[in-house]
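S.K.: The chain contents come next:
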Amino acid sequence: MTRTKNMCYEGSSKRLFRILLCLVSASRFAPSLIAQDFDQARPASSSPVMRARAILGLDGAANNSMGELSIQDDAFVFSRREGPVVRMPLSAIQGAFLSQEDKQVGGMPMAFGRAATPYGGGRAIGLFAHKKYDFMTLEYFDSNGGFRGTIYQLNKGQGQVLADKLGAKGVHVSGLEIATTKQRLETNNAK
Amino acid sequence: MPSRRISLTAVAIGIAIVQSVLPVRARAGINDGRVLQWKVEVNPIDAGDSSITPEFRVAIYENLVTELTKAKQFSAVLRRGDSSANGVSNLLILKTTVESYAPGSETKRAVTTVTGATKLKVRSRLCTRDGQVVLERVVDGNVRFFGGNLRATHTLARNVVKAIKQGTLPEATPSNQAQ
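Heads up: the protein sequence lines correspond to chains A and B, in order.
Here the first sequence is numbered in my numbering, starting from 26 and rising by one per residue.
Here the second sequence is numbered in my numbering, starting from 26 and rising by one per residue.
Be aware that a few hints might be false.
Straight-line Cα separation of at most 27 Å, DSSO-like style, residue types lysine-lysine; simulated pairs [to be verified]:
(1) B:Lys144 / A:Lys156
(2) A:Lys181 / B:Lys133
(3) B:Lys144 / A:Lys157
Listed next, the stretches of chain A that the computed footprint assigns to chain B, with coverage defined by at least 3 CB atoms under 8 Å from CB atoms of chain B [what the hints assert, rightly or not]:
(4) 77-85
(5) 105-112
(6) 127-138
(7) 164-174
Not close to chain A: a few residues of chain B, all C-beta gaps over 10 Å, as computed [as the list claims (entries may be wrong)]:
(8) Asp74
(9) Ser108
(10) Gly112
(11) Glu124
(12) Thr138
(13) Ala142
(14) Arg162
(15) Asn174
(16) Lys190
(17) Gln191
(18) Thr193
Calculated directly from the structure, the hints in this document are not laboratory data.
As the structure is a computational prediction, the values presented were derived from the model and not from experiment.
Using N, Cα and C, we set each Cβ at its ideal position, and we do this for glycine too.
Bound conformation, chain B alone (with noise of 0.2 Å):
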């Protein structure tokens, strides 16, 4: 009986420290809640050497915009050439070069399934002003069912957003920080 209140203890002492330890691990996390000092700005889409329409530049550029203020993961988020990114030292700039695009045709994947879809693939640079980059990661979006084409650059923007979440980031340092 005496063993079997020891383990009990045991037991409850053993999730007071999981639930005291977690809510600590989770905030010194992957970023490890250092992102909320940067700012970061987000350029133009380059083409590269894909024959991307602009319809579809422009679409992962709105998008990213959004995406990245929904995640709330920056304390800021600039377009590219607005004012009040002047003097921010604490700077993170978002390059993305399209890598691949396979235009599709809605109809064709309501007529077919298997076939039209849009594929899209980025490759998307976090660099500091100085040219540093510090992560870099190739993102896709596609839509293969439903929706319209416009939708893979919803796709790809939140897959580029998700990687930024899960990607580490170095600390801004206080000269950095200062405005």
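Pulled out of the complex, with its shape left as it was, chain A reads as follows (with noise of 0.2 Å):
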């Protein structure tokens, strides 16, 4: 009986190491792939260019293909290390909106690694893994006068900057801006 008790211990003992063992093991890998993320991340205020993920929408860069925004002179740069830079100019953008998201760091073998985590596992690593961004979006009209419409996923902070700059250039800018001037306003109406 004694025996058969021991036996017992003994299983959920191991079952416990084992779902110990896999939470430990998906926790040490969900902050290395969140700190790649960060190191990836620029000084927003520093540097005049930011890195960007041009998520759909651009004419002539795939779709999810990273490089660096920046505002030369009267264009809207977009550059990559391999391939043409796209240049949109300024005149040309009807409207910027800025917004912010959470998603899932990652990607795909992150997605596969929750999924395949025992024991619910992977929904505790989903839940520390993801991170804000902001997200640009331009609506604009081509050489040809088509309508187009690009979205564009930054470090979360920097969609600030890039609105004001865009602001400052004369592009009617909505959405995350109006809010925080509105805090801004708030604030300082509360001192």
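Relying on the hints, combine the two individually framed chains into one complex.
M.R.: In structure tokens:
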């Protein structure tokens, strides 16, 4: 009887040990991926060039291509390591919209890792492996006069810097910028 | 024995008939191969009464252009305001109005699996230049498990193109074909 009890205890402790092992290994994996993303981020204010991902709609660049965004003279420039530089005259931009969204980090490998982690460990990873990004949506007309739209994903905080720069150049910017301006006004009023 | 030979011959003739008729029927299928004569202009997405963000509107629009181009259902896919659409009479205009939009959360989806879905429902209309509605469909697109929220717009665009493929378009009249 005591022997079977001991065996039961051994079995449950083994299972517990396995769960802990999975969670520990997964939790080791998640921060490293997040850290990789943070390493890529640059201080927004010090650098005039911002790393960004062209999510979709950019003529002459594949969807989800990484590159650097900048404003040179009167053009909005997206340059990549490979491939031609995409220039968009600021006068062609009809409107810019800034938003913020939460995204899971790590991409597909991480998603598979989460799905493969047993005992709901993947959900625990999902709870921590996410990051906020700024999204800049531009609506503009191309050289043929056709309406186009592009979406850029930037690191948190950089979207506002870009929006301020675009606003200074006379582009109509809406979205998060308005909210933050209101917040600033409210805080000023409170003071 | 002769009856068996006769039945085999009948089967062979049947197969030959089916093989010869099938491609013709497929060619004459739903759209009768006439869609290639139409050009389509995609209009920007109308938000309607929904609170859809510009990010989603733009994503739907761009995905629609991409998917329509991929589908090769029309001889040309043009954007709103494109100068090459001037003077084209065999032009259909794709108007899309958002009927409902439920924003989701990727993190909620990753953690709970059952909540956080992004749902989109739009009404797509293909109209002629004079405003006559040729095709009207209500289509939805959503993302429930894997992927970012914007993936819903990709699913939606594919569903819209599928609905257009399955629909019946009128024949472009000779006056329409003249450019």
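S.K.: Which of the listed hints are not met by the structure?
M.R.: Failing hints, ascending: 5, 9, 12 and 15.
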